[in-house]
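Number of protein chains: 2
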Amino acid sequence: MSTTPAFRRLPRAVREQQMLDAAVRVFSRRGFHAASMDEIAEDAGISKPMVYAYLGTKEELFIACLHREGARMLETIAGAIGPDLPPDQRLWHGLQAFFGFVATYRDGWVVLYRQARGEPPFAGELAMMRARMAEVVAGMLKRTLHAEGREVRETDLEIQAYALVGASESLADWLADRPDADPDQLATRMVNIAWLGADQLLSGEVWHRPAEG
Amino acid sequence: MSTTPAFRRLPRAVREQQMLDAAVRVFSRRGFHAASMDEIAEDAGISKPMVYAYLGTKEELFIACLHREGARMLETIAGAIGPDLPPDQRLWHGLQAFFGFVATYRDGWVVLYRQARGEPPFAGELAMMRARMAEVVAGMLKRTLHAEGREVRETDLEIQAYALVGASESLADWLADRPDADPDQLATRMVNIAWLGADQLLSGEVWHRPAEG
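Top to bottom, those sequences are chains A and B. Counting from 1, one number per residue, gives the positions in the first sequence under full-length UniProt numbering. Counting from 1, one number per residue, gives the positions in the second sequence under full-length UniProt numbering.
A portion of the hints provided could be inaccurate.
Chain copies aren't distinguished; within one or between two, either way the pair holds.
Unchecked claim - Below 20 Å or equal to it, Euclidean Cα-Cα: the simulated SDA-like pairs (lysine to any residue) are:
(1) 58 x 82
(2) 142 x 199
(3) 48 x 114
(4) 58 x 68
(5) 142 x 203
These aren't lab readings, by the way, just hints derived from the structure by calculation. Just so we're clear, the structure is a prediction, and the values are computed from it rather than from any experiment.
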């Protein structure tokens with residue numbers, strides 16, 4: 001439309017990302033209620049009216065953070081899972097990407113998960129993101145089974161997906177509290193748990209991560 | 001101390017339980033913020049000053065609900081796990097008791113888990129209960145391994161416990177939304193997932209629940 005779209009739009013996109021970065025930092029430091037738009041504006045180095053003009057109220061800003069962190073996380077995971085790998089290695093790459101994301105963006109995880117879970121208006125939003133993640137996992141399980149010529153009840157796939165998502169969430173939260181824990185080691189443990197099961201673990205079987213990392 | 005302790009104390013204990021029953025119903029119907037002490041008193045068939053006198057403020061009443069439902073749940077699970085059973089059957093009995101509890105006391109689960117998780121002042125309380133549950137599970141895993149003459153890093157036991165607790169919580173929440181789902185069938189699926197692992201499940205292995213249970 002404009003003759004100089006790159007010149008006019010890039011700064012806005014960059015500014016929005018700066019504001020979201022600042023908002024994630026402040027929300028995760030203060031919590032949703034105590035966070036002030038003043039502090040977010042100051043952290044972003046932008047005037048408060050500009051924050052309101054670009055991203056709306058504090059609620060809208062929080063939802064924008066939630067969406068950005070959630071989309072970033074899903075892209076990271078999806079990008080890591082090669083479609084042609086054997087199922088245990090897809091599980092490994094998915095979990096490695098997920099726990100790596102949590103360890104890298106601890107602030108983002110705190111906003112995405114703990115704050116949203118703790119605030120009734122946002123908990124529904126989070127439940128929807130979890131349901132989408134479970135659908136993606138159930139779809140992957142289904143394709144893996146199809147490739148082996150097997151059928152499993154949709155409900156059983158859904159249950160398995162919710163179990164995997166719940167276990168991974170619980171461990172991500174465990175990781176977020178332990179800055180010294182190694183996300184790759186955690187992913188390896190989780191593959192052992194989910195892939196081998198307690199039966200094989202108790203009899204001393206071990207699953208090893210692929211050598212290339 | 002008193003000459004008629006049974007006579008004087010029983011009615012109070014019974015009344016408290018009636019108030020807690022009413023409070024769980026009202027909190028789970030309305031949510032913590034919208035629930036009124038008037039409605040709780042009316043539901044319990046007791047005057048509002050008496051509710052305050054016995055159980056304190058709305059916050060204190062909610063925490064009393066949380067503690068009662070949590071203690072009830074842990075007792076139900078612990079009572080179901082026979083110490084001399086093989087590990088897969090202990091897992092089965094524990095999960096059967098847990099999902100059965102959620103299906104029987106849906107209101108209690110909603111208070112215990114969803115409301116508490118959604119209210120920052122109570123979320124810490126819930127996290128502590130989850131940590132205790134994970135400790136219990138880790139202790140059981142450790143004893144099972146010791147019995148087989150094996151040692152595993154404490155951290156690995158903790159990780160496995162958090163994975164199991166997270167998966168079970170996620171499925172309990174799934175169950176709470178599906179009044180038609182059979183808790184025993186869900187427990188059987190969860191044992192298949194946790195005991196056999198994806199490796200054996202994908203190759204068609206099935207774990208069957210014990211005939212009597």
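Here is what the structure says about each hint:
1. Proximity of residue 58 to residue 82 under the C-alpha cut-off of 20 Å is found in neither arrangement, the shortest distances being 38 Å within a copy and 52 Å between copies.
2. Taking the closest pair of Cα atoms, residue 142 and residue 199 come within 20 Å of each other only across two copies (14 Å); inside a single copy the shortest separation is 23 Å, beyond that limit.
3. In this assembly of identical chains, the alpha carbons of residue 48 and residue 114 never lie at most 20 Å apart, being 26 Å within a copy and 35 Å across copies at closest.
4. For the homomeric pair residue 58 and residue 68, the shortest alpha-carbon distance inside one copy (15 Å) is at most 20 Å, but the shortest distance between copies (37 Å) is not.
5. In the homo-oligomer, the alpha carbons of residue 142 and residue 203 lie at most 20 Å apart only across protomers (13 Å), although the nearest pairing inside one protomer, at 29 Å, exceeds that limit.
In summary, the numbered hints that this structure violates are 1, 3.
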